[in-house]
Amino acid sequence: MAGMITADEARALQRDYVYAIDDGKLAEWPTYFTDPCLYKITTRENLRQGYPLSIMLCDNQAMLFDRVEATEKANIYEPHMYRHILSDAQVIKAEGEVISVRTSFICVRTMLDGSMSLFVSGEYLDEVVRDKGRCRFRSKTVVLDPSRIDTLIAIPL
Amino acid sequence: MAGMITADEARALQRDYVYAIDDGKLAEWPTYFTDPCLYKITTRENLRQGYPLSIMLCDNQAMLFDRVEATEKANIYEPHMYRHILSDAQVIKAEGEVISVRTSFICVRTMLDGSMSLFVSGEYLDEVVRDKGRCRFRSKTVVLDPSRIDTLIAIPL
Amino acid sequence: MAGMITADEARALQRDYVYAIDDGKLAEWPTYFTDPCLYKITTRENLRQGYPLSIMLCDNQAMLFDRVEATEKANIYEPHMYRHILSDAQVIKAEGEVISVRTSFICVRTMLDGSMSLFVSGEYLDEVVRDKGRCRFRSKTVVLDPSRIDTLIAIPL
Chain A
22 MAGMITADEA
32 RALQRDYVYA
42 IDDGKLAEWP
52 TYFTDPCLYK
62 ITTRENLRQG
72 YPLSIMLCDN
82 QAMLFDRVEA
92 TEKANIYEPH
102 MYRHILSDAQ
112 VIKAEGEVIS
122 VRTSFICVRT
132 MLDGSMSLFV
142 SGEYLDEVVR
152 DKGRCRFRSK
162 TVVLDPSRID
172 TLIAIPL
Chain B
22 MAGMITADEA
32 RALQRDYVYA
42 IDDGKLAEWP
52 TYFTDPCLYK
62 ITTRENLRQG
72 YPLSIMLCDN
82 QAMLFDRVEA
92 TEKANIYEPH
102 MYRHILSDAQ
112 VIKAEGEVIS
122 VRTSFICVRT
132 MLDGSMSLFV
142 SGEYLDEVVR
152 DKGRCRFRSK
162 TVVLDPSRID
172 TLIAIPL
Chain C
22 MAGMITADEA
32 RALQRDYVYA
42 IDDGKLAEWP
52 TYFTDPCLYK
62 ITTRENLRQG
72 YPLSIMLCDN
82 QAMLFDRVEA
92 TEKANIYEPH
102 MYRHILSDAQ
112 VIKAEGEVIS
122 VRTSFICVRT
132 MLDGSMSLFV
142 SGEYLDEVVR
152 DKGRCRFRSK
162 TVVLDPSRID
172 TLIAIPL
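Respectively, the protein sequence lines represent chains A, B and C. Mapping of the first sequence onto my numbering: residues 22 to 178, in sequence order. Mapping of the second sequence onto my numbering: residues 22 to 178, in sequence order. Mapping of the third sequence onto my numbering: residues 22 to 178, in sequence order.
Please note that a few of the clues may not be correct.
Just a sample of chain B residues kept apart from chain C, beta carbon distances all over 10 Å, derived [what the hints assert, rightly or not]:
#1 Gly24
#2 Glu30
#3 Ala33
#4 Arg36
#5 Asp37
#6 Lys61
#7 Asn81
#8 Val89
#9 Gln111
#10 Arg123
#11 Leu146
#12 Lys153
#13 Arg159
#14 Arg169
With a straight-line Cα cutoff of 20 Å, these simulated SDA-like cross-link-like pairs (lysine to any residue) come out [what the hints assert, rightly or not]:
#15 Lys46(C) - Arg123(A)
#16 Lys114(C) - Arg155(B)
#17 Lys114(B) - Arg123(A)
#18 Lys46(B) - Gln70(C)
#19 Lys61(A) - Asp87(A)
To be clear, the hints were calculated from the coordinates, so they are not data collected in a lab. Glycine included, each C-beta is placed from N, C-alpha and C at the ideal position.
In isolation and in its complexed conformation, chain A is listed as follows (with noise of 0.2 Å):
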C-alpha cells in the first residue's frame, strides 16, 4: 500500500469525492481528507494576483466536520441539487508519496422547481498521499472561475 500513487487513483479519489458531494453524503467528506489538512476556496484572480487571503480555510477535520453541520442547518430551507462534472485530470508533480493534481470542473445546480444553472466552474488543486489505508487529500486548493461568492457556502466544492 505504500509508496507512489498513480494519476489513476488520485483521479479515481476526484471522482469518488464528487460524487459523494453530489448525493449529499456531507458526513464523508472530512474523511477524504488527511489530519490535519489543507482545504481552501480561493479565486482564480486571487491566485493570479498573489492575493494570500481565501474565501475559506480548514486545516483539520474537526474544522471540516464543522462546515459539514453548518451546510446541513443553512440547506434544510434550500434543497438544492448539485451536479459536479469533471474534466480530465493533469499531474502536476509526482514526487516521493505525494502526487500533484490539478482538475477543471463545472458544478450546475437544479433547484426543486426544475430550474438548472450553472453554479461555479474552476478547478481543483490537490496533492493526494496514502493515509490510513487508502488515498486522501492532503492539501486542496479548489479555484473558482467567478470572484463573487456569496452563496458558495452552501455546499462543500
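Since the structure of chain A is already known, use the hints to place chains B and C on it.
Chains B and C in isolation, oriented as in the chain A frame:
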C-alpha cells in the same frame, strides 16, 4: 469474449452511446441494449423519495425502435443539436458477468438560431453485460436532476 | 519514440492543450501543432451540409502565432476567463503513425464582474502524430455547435 467486463469497457460503451446520440444516429441507439432490456428515465427526486414511477420505460428493443421513430417525427420541425459531456464513471458493483456503473453527465442544446442552453444534467445508472459479441446495456436508468421534463421527450438520453 | 500513438497519449495531448489555453499561455498554443499543420474552426451545420467554408483556417505555425498576437491585443480590454471541460475521447481511426480522435467539449466563460456563461460547445476532430520528440496535432478541426460565432475570435479554441 466471455467473462468480466472492465471499467474501461463499460466507460467506452457509455462514451460511444452518447456520441451516437449527439450524431443523430438514432437507428443505432437501440443496438446499445440487450433484448429484452430495461431503459428507464426517472428523476432524482423520484429516486430519493423511492417513488416507483418512471417518466419513460422500455423493456425491449421494439419499444426502443418505436421511440426512435416518434423522436424522428417530432424532430422534423425543430432540428436542435445536442452535446453530451460525461464526467468520470464510478463502478458501483462488479459481480459475475455484470458491471454496474454510474456516470454524471450534462447535455447542452443548441438551436438553429445559434442559442445554446444547458438542456439537462443527471446521471446514468447502468448494468453492462457482454451480449452477441460486444458490450451492451442490460439496463440503463437515466436519472435527471430537474423534475420538470416536458421537453425531454425530444431525444433519447 | 516512433510508432503508434496510444489513445491515452492523444487524450493527454488534448488535455494539456486546453489547460494551456485556460491558463492564458497563448505563446505555447502553436507548439501543440506540427509545422505545417491544419487548424480549422467550423460549425456543425457547415460540416453536416458539406460546406467547405471554415470560420478560421491556419496551415502553419507562423499563422498560429499571428493569431495569438491578435488575440492578445484584442483581449487587453476584456480579461475574461475560460474553462474547458472535456468529455471522453473516442478513437476514430488508428492507422500507421497517425491517430484520429474526437472529443466533445464545452467552454465556460467568466467575466471579471463574476458572471458566468456557457460560451460554446462542440467537438475536436484531431489527427495526432509524433513530431520532434512529442505528440502534436497534425490537424485539428474545432467543430462548434452554434452557427453564430461573432465573439469566438476572442481566444484560440
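Hints, verified against the model:
1. Gly24: holds, 23 Å
2. Glu30: Answer for Glu30(B): holds, closest chain C Cβ roughly 13 Å.
3. Ala33: The assertion about Ala33(B) is violated, with a minimum of 8 Å to chain C.
4. Arg36: violated, 4 Å
5. Asp37: violated, 7 Å
6. Lys61: holds, 23 Å
7. Asn81: Holds, since 28 Å exceeds 10 Å.
8. Val89: Since the minimum Cβ distance to chain C is about 19 Å, Val89(B) lies beyond 10 Å and the statement holds.
9. Gln111: holds, 14 Å
10. Arg123: holds, 15 Å
11. Leu146: It holds; Leu146(B) is separated from chain C by about 18 Å at its closest Cβ, greater than 10 Å.
12. Lys153: Lys153(B) is indeed farther than 10 Å from all Cβ atoms of chain C, at 22 Å.
13. Arg159: Non-interface label stands for Arg159(B): nearest chain C Cβ at 21 Å, farther than 10 Å.
14. Arg169: holds, 20 Å
15. Lys46(C) - Arg123(A): holds, 16 Å
16. Lys114(C) - Arg155(B): holds, 19 Å
17. Lys114(B) - Arg123(A): At roughly 28 Å apart (the allowed maximum being 20 Å), Arg123(A) and Lys114(B) break the hint.
18. Lys46(B) - Gln70(C): The given pair, whose Cα atoms are some 16 Å apart, holds under the 20 Å limit.
19. Lys61(A) - Asp87(A): With a Cα-Cα distance of about 15 Å, the restraint between Lys61(A) and Asp87(A) holds, given a limit of 20 Å.
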